[in-house]
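Please dock the two separately framed chains into a single complex, following the hints provided.
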Amino acid sequence: MMKKSIIVSAFLTLMIFFSAVAQEGKDRFMVQVDGLGCPFCAYGLEKKFKEFKGIKDVKIDIETGDFSFSYPSDKALSIADVEKQVEKAGYTPITAKVERANGTVEESSANEMAKKSEGTVSKNVMVAGNCAMCEARITKAAKSVKGVSAVSWDKNTKIMNVSFDMGVTSLEKIEKEVAVAGHDTKNHQAHTDDYGNLPACCKYERLSY
Amino acid sequence: MKNITWLLALVLFGIQFAEAQGPPITADKPIMLGGGSFTAKTLTELRHTERGNFAYVPVMLHYLPTSNSLVAIHLPYINYDIEGGPSGSSLADIKLMGKYQFFRKDGTGKTFRMVAKTLQTLPTGKELDVMDLSTGKYAGYYGIVAGYESLKYGISNEFGYNWVPDGSLDALTHKIGFGLPLLKPQYPNKQVNLYFEYTNSWLVERDWYQLLYAQGIQYARKNVTFDLAVQVPLVNDIEADRKLKYSLFLGSRYSF
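Protein chains in written order, with the numbering used here: chain X, 1 to 209; chain Z, 210 to 465.
Simulated from the structure, these hints should not be mistaken for laboratory data.
You may find that some hints are simply not true.
List time: in silico DSBU-like cross-link candidates among lysine-lysine, alpha-carbon distance up to 30 Å [claimed, not checked]:
(1) X:155 x Z:361
(2) X:88 x Z:314
(3) X:88 x Z:319
(4) X:155 x X:56
(5) X:155 x Z:319
(6) Z:452 x Z:335
(7) X:59 x X:88
(8) Z:319 x Z:399
Keep in mind the model is a prediction, meaning the values are calculated, not measured.
One chain only, chain Z, in its complex shape (with noise of 0.2 Å):
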C-alpha cells in the first residue's frame, strides 16, 4: 500500500509539472533527430532471474542517413552465471537496425510520428537461450512505433513480431512508455525526466507471457542523456525458474 501511494504521488507530481521530455528508456522512439547524425549509446542491463544472472552491455550507433530514416549496429557483451550450468563472458547476439518514418504530423510544441523497424539479430552469442541477450539464433523482428510528443508529456507505442526459424522464440510484443518531465522546457536542453514503461512480451510456441513494468529516470543535458530504471515483473507466465526477479538499466547516449 505504502508502494502504491509512492507511485501515485510520483506520477501526480510528475503531471503537476509535466512541460516536456526526452527519449524513452526501454521502450523505442519515432522521433528522429536531423538527417546526417549519429548517437552513440550504451544500456547496460542487469538481469536477474531464477535461471541465474547476467549482465549486458551493448554499444551502440545509430546513424540517421535523411530526416526519415535511421540505421544502426549494436555490438553487445554478456556476462552469464547461470545456476548449474555455465559461467563466463562472451561477445552477445551482434544487432542490426533500420527505422523508417512514414507519418508526421506536426503541431506548434507537439508531434505525431509513426516508424516501421527491423531488428535483425545475429547469431554470434552463446546459445545462453536468454531472449534479447544471447540466443545463438538468427531472429528478424519487425514492428511499428508510433508515438506522441508534446511539450506537456510524451506516449511511445511499439508493437511487433519476432522471428525466428525454428520457431522457439517466436514472440508477439508490445511496449508502451509515457514521459513526464520533471522541469520547465528550455533551450538549452535541461531536463530530469520520469519514465512509466510497460512491456508485454509473448513467446509463442512456448506460451510464455510476461509483463514487466520499469519504472525510469533520466537526466539530459543539451544533447547528453543518462538514464536509470528498474524493470520488475508484473506478471511472470513462464516456465517455473526461469522466471524474470528484477532488471536494472543504466545507460547514457550521446548525439552528434
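Just chain X, with the same shape it has in the complex (with noise of 0.2 Å):
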C-alpha cells in the first residue's frame, strides 16, 4: 500500500513538474476581436487559428470579444502575424497583447505608439455598468475617442481609467461617448434610447444628477 502510494505521488509531481515546464515555454496571446455575432463565427475564428501548429488553452467570450491561447515561445509568433490571421478568418482585430514566456509583455504597435505620445494623463471617472458586456462596451466607447491610449473598467468599483492625450481630446469628450453607448457617467447622463437599447443584463441601476 505504501509503495503504491509512493509511486502515485511521484507521478503526480512529475505531472505537475512537467506541466508547469510546459507552461514556462508558451506565450500568452489576448486579442479583442470585433464581428463576432454569433457562436458560429468564434468557431471560425478557433478554426482558422488551428493553423497554428501548438496552440493551446483556446478561449473565446463572444460577448466581449476577448480571445486568448497558447502559443509555443520557441516559434516566436508575432502580434502582426496573429492579428493577420483574425483578418483571414474575417473579423476585425481591435487590440492585442502578449504576455511571452520569459515574462516581457507586447502590445499591438498602434496601443504603444498612443502609450508614447507627448500630454498623456490618466483619470478616474464613475462609469454605471452591470457586468463583463458593459466593460466591452464602455471600454470601446471611451477607445473610440481620438487621443485615448489606454482604458479599462472595473464592473465592481464603477471607476473607468483612462489615459488620454490632453491636447487632443478631453475626459468630457471621453465621457460623452460613453454616454451615447448607454452608460450613465459621474457628468453626463445617457439618453434615455441609448439605455433602452441595452441588453437586459446591462439594464444597470440608472445614476441620479
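So this is what it looks like as C-alpha cells:
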C-alpha cells in the first residue's frame, strides 16, 4: 500500500513538474476581436487559428470579443501574425497583447504608439454598468475617441480609468462618448433611448444627477 | 386566432431570451466562417402542390478560398409524382454558386456584411417546370445578400433576379429572415434558434406572385446544425392547379 502511494505521489509530482515546464515555454496571446455576431463566428475564428500548430488553451468570450490562447514561445509568433490571422478568419482585431514566456509584455503597435504620445494623462471617472458586456462596451466607446490610449473599467467599483492625450481630447468628450453608448457617467447621463437599447443583463441602476 | 396567439407567444418568447443565433434556413446569409474552410450541407424539401408532390434532396459542398469569397456545388436528387403526369426519380438541376463579400462593418458582438451572389443552374434535371428544383433549363441568378447579426438577433436580407434564356422562369425575388435564439450565447456553441423567414417571388413573364412564410427551428452544436422548417403560402397568386400547399424542410450542415 505504502509502495503504491509513493509511486502515485511521484507520478503526480512529475506531471505537475512537466506541466509547469510546458507552461513556462508558452507565450500567452490576448486579442480583442470585433465582428463575432454569433457562436458560429467564434468557431470560424478558432478553426482558422488551429492552422497554428501547437496552439493551446483557446478561450473565446463572444460577449466581449476577448480571444486568448497559448503558443510555444520557440516559434516566436508575432502580434502582427496574430492580427493578420484574425483578418483571414474574416473578423477585425481591435487590440492585441502577448505575455512572453520570459516575462516581457508586448502590445499592438497602435496601443504602444498612443501610450508614448506626449501630454498623456490618466484619469478616473465613475461609469454605471453591470457586467462583462458593459465593460466591453464602455472601454470600446472610450477607445473610439481619438487621443485615448488605454481604458479599463472595474465592474465592482464602477470606476473607469482612462489614459489620453490632453492635446487631442478631454475627459468630457470621453464621458460623452460613453454616455452615447448607453452608460451614465459622473457628468453625463445617457439618453433614455440609448439606455433602452442595452441588453437585459446590462440594465444597470440609473445614476441620479 | 389561436394560431396567431401562438405565433405571437413564440415571437415574444424568442425576444425575451434573444442573445445570438446561427445561419438561416430557407434564406441566405452574408457571414462566412474563415478562409480555407468547407461546409457540407443538405436541405431536403418535401414540396406539396396542387399539381403534385416533390421530394428534393440536395447534397451541397461549400468552400471558402478566402475569408470573403465562397464557391459551392449543389448536387440534387428529386422524386416527383405529378397528378395525371409522370412520376419517378432522377437527378435534378445541378447548381454552382459563388459569393463575394464586398462590405463588412464589425462591432463588439455584432457585424453587418454585404455579399454579391450568383447561382448558376445547369440543365441537368428533367423538364418538370418546378422552379428551384427541376426545370431542365439553364438559369443565372444574380443577387445581393445583406445581413446584420448581433448577440441579440439576426436579420438576413436577399434581393435578386433569376434569368433564363427563354424568359419563361425569369423571376424577381426577395427574402428576409429573422433569427432569434432561445439560449444564452456560449462558446463552444450550443444553441436553439427560431427563424421567421419570408420569400417574395414574382415570375415576370407568367405574372405569378407568391409570398411564402417559413417557420423554422434550428439546433446547433459547435460546428453542426440541424434544421426544420415549414413553409406555407401567404399569397399564392399563380395559375390554378399549380398552387403551393406547403413545403417541409429538413436540413443539416457540418463545417470543417
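Satisfaction of hint between residue 314 of chain Z and residue 88 of chain X, Cα-Cα up to 30 Å
15 Å, holds
Is the straight-line distance between the alpha-carbon of residue 155 of chain X and that of residue 56 of chain X 30 Å or less?
29 Å, holds
Can the restraint linking residue 319 of chain Z and residue 399 of chain Z be considered satisfied, given a maximum Cα separation of 30 Å?
18 Å, holds
Keeping to a limit of 30 Å between CA atoms, is the pair of residue 155 of chain X and residue 361 of chain Z held or broken?
22 Å, holds
Take the C-alpha atoms of residue 59 of chain X and residue 88 of chain X, compute the straight-line distance between them, and say whether it is at most 30 Å.
Within the cut-off at roughly 19 Å; holds.
Restraint check for residue 155 of chain X with residue 319 of chain Z, where alpha carbons must lie at most 30 Å apart
OK: residue 155 of chain X and residue 319 of chain Z at ~22 Å, within 30 Å.
Pair hint outcome, residue 452 of chain Z versus residue 335 of chain Z [Cα-Cα no greater than 30 Å]
Holds. Residue 452 of chain Z to residue 335 of chain Z sits at ~20 Å (cutoff 30 Å).
Does the alpha-carbon distance linking residue 88 of chain X and residue 319 of chain Z stay inside the 30 Å limit?
Status holds; Cα separation ~18 Å.
Of the hints listed earlier, there is not a single one the structure fails to meet.
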